[in-house]
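S.K.: If you want the building blocks of each chain, they are given just below.
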Amino acid sequence: MSEITNITNNGVNVEALLGAREALTETPAAAQFNFRANCTWVSGTHSSTSIEKFFGLGEEQSHRQVYTHDADHPQIFASEDNGISPPEYILVGLAGCLTAGIASVAQHRGIQLNSVTASVEANMDLQGILGIDSDVRNGFSNINVHFKIDADASEEDIAAIVAQSQKRSAVFDNVTNPTNVTVKVN
Amino acid sequence: MSVAFSEIYDHSVDTLVIGAGHAGLAASYCLTQRSIDHVVLERGEVANSWRHERWDSLKLFTPNWQAQLPGYGYSGNDPDGFMAVKDVIDFIDEYAVRNNAPIQTSTTVMAVSLTKTGYRVETNRGTWHCRSIVIASGACNSAVIPKFAESLPADIRQLSARDYRNPGQLKEGAVIVVGASATGLQLAEEIFRAGHAVTLATGEHVRLPRLYRGRDIQWWMHATGLLDEGLADIDDINRVRRLPSPQLVGSHRHDILDLNALTGLGIRLVGRWMAVNNDVAQFSGSLPNVCALADLKMNRLLNAIDQWVEETGRSDEFEPSHRFESTRIDELPCLGLNFEKENIQNVIWATGYRPDYSWLNVPVLDKKGWIKHQGGVADTPGMYVLGMPFLRCRKSSFIHGIEDDARFVTDHLDNYLKKEN
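For the protein sequence lines, the chains are A and B, in the order given.
The numbering of the first sequence is this note's numbering, which starts it at 1 and goes up by one.
The numbering of the second sequence is this note's numbering, which starts it at 187 and goes up by one.
Worth flagging that the hints you see were computed from the coordinates, not collected in a lab.
Listed below are the simulated SDA-like cross-link pairs for lysine to any residue, each with C-alpha atoms no more than 25 Å apart in a straight line:
#1 B:Lys333 / A:Thr182
#2 B:Lys245 / B:Pro353
#3 A:Lys167 / B:Arg454
Please construct the entire structure, taking both the sequences and the accompanying hints into account.
M.R.: Listed below in structure tokens is the structure:
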């Protein structure tokens, strides 16, 4: 990052993003991406999921390295707590997605961010997954995200960035809207 | 006026205009002024979609003083009032008669194709050849309805806003109105007042107050120059062209019709309708954000108005600046409705429209099915479009916007014909 910053620098290359938008408008086929994760059961409720490759821009792509994520249940459920629980990964995804969106939108709008933090809370009634009450859903009943943002902008402009980042967030969409999920075996 | 013609021989004319609504008639007026030989083809009667594709209680949400067409305008004694559908029909009818417009009614265009010298236009009453063509057939030919509408229980009565006339068409029982445009809000209110339980499914929408600081919002939009904002002022024109209509209603009391007014009556607000699953309508959890976006955008407009008042030094002419209550939503809005449990008997789709160009055999459509054009000049020589949302500027979406657009387009067309001669 440059030391002399009288121009906005949130570390987001907006020109590249806008270039991609233009290019993908011309060639919608290149905009078709396919993301993959591979999960292996370790033992008990512990599993390990690794992510490396994905498809996009018409060819195989790869992350810089393999990223591995352990999921488990907390010890209060008699598990070993080798990692966060699977639903907590949703919170990781949502917070990460909205925060990336905020940085990008702020950059595009020429707004310098000084700090961005989010606390995410999600409520779950365990009577659902435990099958105690069939009227209770399994997943989170609601999710609350609270951003604290220090930026060189008015409160309204900051609120507009946060709203726009929700509007363009993949995880926000997947969490707020139904998605067809097909699970097959062997 | 009808045009003498024979159904046996092909006809030739310099310019054909398709559609005798306000846009086609404005084009005809401008063409006549330039002495360009032309004929207006109309599938039905003058102002056909106003006669046959609008609900009974509809009023324009633009005030009468904005009813302006080239060479013609509202001349009644209620400039701040709003025209009902029959007033709009009379207004356009009168324009056609006054201009002695060369209209051929009951003539449906079946196919338009390219020829070496221009276009060949086949109709149910013979074939025309023209050198240039103005497409003014409207932006609201077909209702856009989500695919999952097919999987609703068969006994639910489904109507699009294009086919809805009045609550008498509905079955007893609850109603889901889908879409939070001017149409969706107006129909939700009318249907609720007719005694139905109403749920309004709300995606992205445009919130505008009817009155602000004692003036109509259209007055502000006009005075501040916002209606004249053009293509160069807009970042993403495709997005702006597809925006739902602003939440306004034309009424003598200048009522503010917004989501708060509807929930205040007792209408239930839910998120965008996304899917149907096991006889349950599933709504998006994004309702808080779409409301926040609309509130923020409305406030941005009000800030711009306040700034204009400040800069022009006219603050003593208007009521003081203020802000409207944010959109109220339930702490946990409903995400799913079971049709049977909630006795949902009717669904009204106010989910937008698109133009129907199934007769246009010219490769000029974008992948969404709209004609590619630059400010009304289509991406194929000699073809023009009029009467589209934000054709050249913000006011293009309204009746009074047609004057500048028609003049611009016919000027270009005139030059085209002269160059090709």
